[in-house]
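Heads up: the sequence lines are chains A and B, in that order.
Reading the first sequence from the start, the letters are residues 1200 to 1696 in my numbering.
Reading the second sequence from the start, the letters are residues 242 to 696 in my numbering.
FYI, nobody ran anything at the bench for these hints, they're computed from the structure.
Incorrect hints may have been included.
Claimed, not checked - Taking lysine-lysine and the DSSO-like style, the derived pairs with C-alpha atoms no more than 27 Å apart in a straight line are:
1) B:K528 with A:K1235
2) B:K635 with A:K1514
3) A:K1514 with A:K1498
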Amino acid sequence: MTTTIFDASRAGRSNRQHAPQDSQTPLDIPERFLRKTPPLLPQVGELQVVRHFTLLSQMNFSVDTQFYPLGSCTMKYNPRICHVLASLPGFLNRHPLATEGSGQGVLRSLYELQEMLQEISGMQAVSLTPMAGAQGEFAGVAMIRAYHRSRGDEGRTEMLVPDAAHGTNPATAAMCGYTVREIPTNAQGDVDLDALQLAVGPQTAGLMLTNPSTLGVFERAVERMAAIVHEAGGLLYYDGANLNAVTGWVRPGDMGFDAVHFNVHKTFATPHGGGGPGAGPVGVGNRLAPFLPLPVVQKQIRDNGREWFSWMSEKDLPQSIGRLSTFAGNVGILLRAHIYLRMIGAEGLKRVAEFATLNANYLMARLTEAGFAVAFPKRRATHEFIITLKREADEFGISALDFAKRLLDFGFHAPTMYFPSLVPECLLIEPTETETKETLDRFADAMIAIRQEARDYPQRLLKAPLAVPVPGGGIGRLDATRAARKPDLIWKESAVL
Amino acid sequence: MPFIPHTSAEIDEMLNKIGVLSIETLFEEVPDRLHCPPLDLSPPLGEMAVSRLMRERADADAGGLCFIGAGAYEHHIPAAVWEIASRGEFLTAYTPYQAEASQGTLQVLYEFQTMMAGLTAMDASNASLYDGGSGLGEAVLMAVRANPDHNKVVLIPASVHPHYRQVVETMTQDQGIEIIEIPFDPVEGRVALKSLASFRGKKVAALVIPQPNFFGILEEVDELTDWAKAEGAVVIGLVNPLTLGLLKPPGEWGEEGADIACGDGQPLGSPLSSGGPYFGFLCCKQKLLRQMPGRIVGRTEDPSGRSGMILTLQAREQHIRRSRATSNICTSQGIMTVAAVIHLSLLGPEGLAKVAAMCHAKTVALVNKLTAIPGVSRQFTGPFFHEAALRLPKPTAAILAQLSRLGIQGGYRLGEAYAKLDKAILICATETKTEEDLDFYADTLVWALNVKESF
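Isolated chain B (complex conformation):
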């Protein structure tokens, strides 16, 4: 029996001890009429057969060179990361409720919290959330709780990832929170300070500031932060943690810094994997700590004064406060944070900055090569980090499909989320791309643009 170790002699002994004749008897409290007929599932496969099936499927999915970013980024993950993170002792443990038997996981999380707080220049971090989108949703709920004297209004620029904004909408729609979209400047591709003017004195609860924004453009985070702080609004910095090797951390934006930093941790050791699992992170200033959702690990002592780690501040959580909890979340993305901590330990501050700088340099190089093609131009003028919106002279869907057939995942079609950007695609080149890869993209795009009729 797959994964069930019982021998028939043992089954008999066990039934005998229970005092029944058959296993079926143990289900006697289930009303007979509820017993279902045999399930209609495909016949079971042995390990060899299922391996063959899945290998065929995985091989068919190899998508060629990837130049898509848009919230998920291809980075080199050192071999040691998943060699260690996949150890059964990490992978098959549960939430570390029994601290004395979970010191490994707990200490990794403590180190994780330290690294995330350091990257964002915040005082505290939780042990992770599901992903960037739901992490922003939790940050918005947290900001509104933390600002009870203000209106339940949160400003989110349209330059935030469209999927993130959809997740926030889903998570906040029944909380009486109004989400107001702030337009971006159509020339620069980022929020202009003047577009916030109409909210002056309106006691908004929070402002979300993405850095870099969805288009890869660097927002003027200092002036946006100062504006929001002057309004008494909570500032939520939405950041890509990899870029924080180089970019100013949310805790240092403007005069006072942001109050909350969140984002998706995928660039720190999570494979692309068609969208997940990744992890969300959430960091905050000390004064907001008790409003933080999710697991938090703290250091404590045993009776003889030895240090150890334990889940703490649990009075915020659902298993204690039930309907009055800060969130219904009762997990973190455990193993993804283990990978992130190992990844960051291997890179160190210098390595992280180098990867970030190289991503920027490759994207600059790619933008230069592609915009040299007649009809291809930058959509926005603002400074960018490692993504850029490019306008194409032909329908973007057909071009991307064409590129895909030629072994290039060419980018994200901005028209999917922004009707006015229907002619543009969002591209990204990370440190994984060589000069030859960039040339191959440029050459292929020239070819695709010149094919008589796209099929």
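Excised from the complex, chain A in its bound form:
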């Protein structure tokens, strides 16, 4: 690490240009409410601040600087124009509780986004308020719960989740008060239909499913699965994590799903921001529409014939599961998604799925040809695929982790590791549609070179990364166990660097 901003602090150094002039009025707040010692904040000049954080930024891998084939995360290019337009002063400076008359531009844009998402998913209504995929999941499952309750159907206590599902699925079901029941996957990578049939019953609230699944294959029997769950009185929830594989080709609503969440930071190219903010709008069919989380934008035609956009409140949606965010969700992020969709349109969206799939299948073909073991070799890849390094692990004593760390030295972000956990020593690889063939070829070449290294110099892999090509990249593999055993979570004056 580089020194921290606190190390650069010197008592008495300040940036007066950012502080207001001293107030003329003496502070009249009673003493007992005031803090006695100033907070630990650095005292540094503006140039030192700019330099410190610019240098830190350069120590990152990012989509703008590196290939980032992180499976299930859809690290595609984030068009700059979306960022620029969402950052226009009229959008940035508007208070969330300002009058609706002063927000017709943003409200209209959000309303159009709701409509576009309905069309893309084949659903009947959309709420944009969830602030991340996990919150969208929460909204979906909470709506399913509210639906059953509204019918007096209190006995449905179980949520079904395939064993390959993202960790957020069972965690969400638990937050909604459900017991989680896992459904196994069969050898071809599909959910085991017989097991599903056996698992459903009057206790089934629903099924949470990702399709294409986290195994990078399309659940071919999805309609049969929907029928099984619906016949048992349960509802189906679509985890939109992998929607980038099928936009414009298949719609969750047509597959039989009752609720869906979108990850706009995956499918609709909003930036991941080093972990957020994203947005996780939810779409639902008619049965769940009364339960949508608030607020939702509505369009009315006024007496003068003009369109008027406004927020729906509890009065308009009395059965809503409630609020998930203080105001209206991550509006700035939703604007970026709106702009992206306006730019690519229907054809562009279909093309996204096509080229994401082409890139994944091409890379899978190259790696297969080079002798890597693909988890499901008889299946088409969707927008992502899994390789298992079990054989390399047995032969050379190296792991998927070693492979991933060595990839960093080659200037590639590592694929997702050890997920889904049912495939041993796996890497989940998602190239996305915005990468060129040359990049995919360079990545495949690096994989081949690393395997040769594993054979010839396995010790080198065990120590990787050796020289990550970013400033400060001389750092070796960081000790995760030590970090957890002796947590050092904040800088302290005495800390020795």
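Based on these hints, arrange chain B on the given structure of chain A.
What follows is chain B alone, placed relative to chain A:
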């Protein structure tokens, strides 16, 4: 093709390598009957056309002078904040799973955790949550987990932001947690200690204490904290981080201090942006660390003893513990925390205190100017920080609409959430307002109140 770089020669080569004749073949596992007809979306726009469209919309949204607070505050954000935070290396990175390739983001988060822990006088901070409302929801869930011998009952004063209370309700309703609303004193506008008396000995799990509260009033945090600690309840301090430049931090409330501090980080570098993205923060005492939800960054070493940062204590999280995780959250508000760290670095302790003091002074000045108008008076008597509830002599909705037409966002109508406060609005003046702005508001309000019939 927008954002897709393939040439037709490359497409052919790639299909050839895969061993298929067309891209369509790659979708052969999708049952034919599921293929959807072409989507009905508006025709694609080029960059120039979409820019024109969005500029028109943004221009129409310029709302005039803003005197609304109510959970989101207009502050000056130094130019360097978003110039640096918008760098692609920060903006287009993902959650820093690969620590060695993410030292930039990780170190920013470590510095963020340090600053938040320092502001709140707590031992630890996570790497942020979605926003203040959901952050309070997570704090409530965390407090109940941390207090397993007590009843799953959490006391939340009605002087907490009404939207926050709604979010907490949504997040906790299926966890068997009972949320009990504590009334505020209608004269002072804050919680009176006596209104807690009936909960003595009831083994409540936690008490939420807002400071300042939703009405801008300063709660008697020391005595409330001492009461809750004596009851064995976890104390959750709900605070505006900007005010902590001046106000006593939750870690120092009462004899022992609060156990958890949370709130919305928006005042630290997040633009208003119609409600988001902002970020929530969550800090706690050491003993509650393993109950904390969300990402946490820690310092560690490489084999040669060099320091580096890494995501840590992940055994709490959903991708490891699945249905037994502390939360389903799997992100932070990353880039908003980058902005907050740069913002706080530029202000420093002195700058932050000055901004806070100026917000207070401007609000005092505005309250004085407005209450000089006949019929306008303060709703509450308690001491306030940078927001105040004012009673108006005319229906508040019509007056606010009138002000809006004249270029002033005049405040939040308290009647929306509190039936008994139907005649009052909540106003706020931050350091961004000049003396002339305050006068303009006062003059305009006089005019609006005297218009014969509001239209």
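Name the hints, by number, that the structure is in violation of. none
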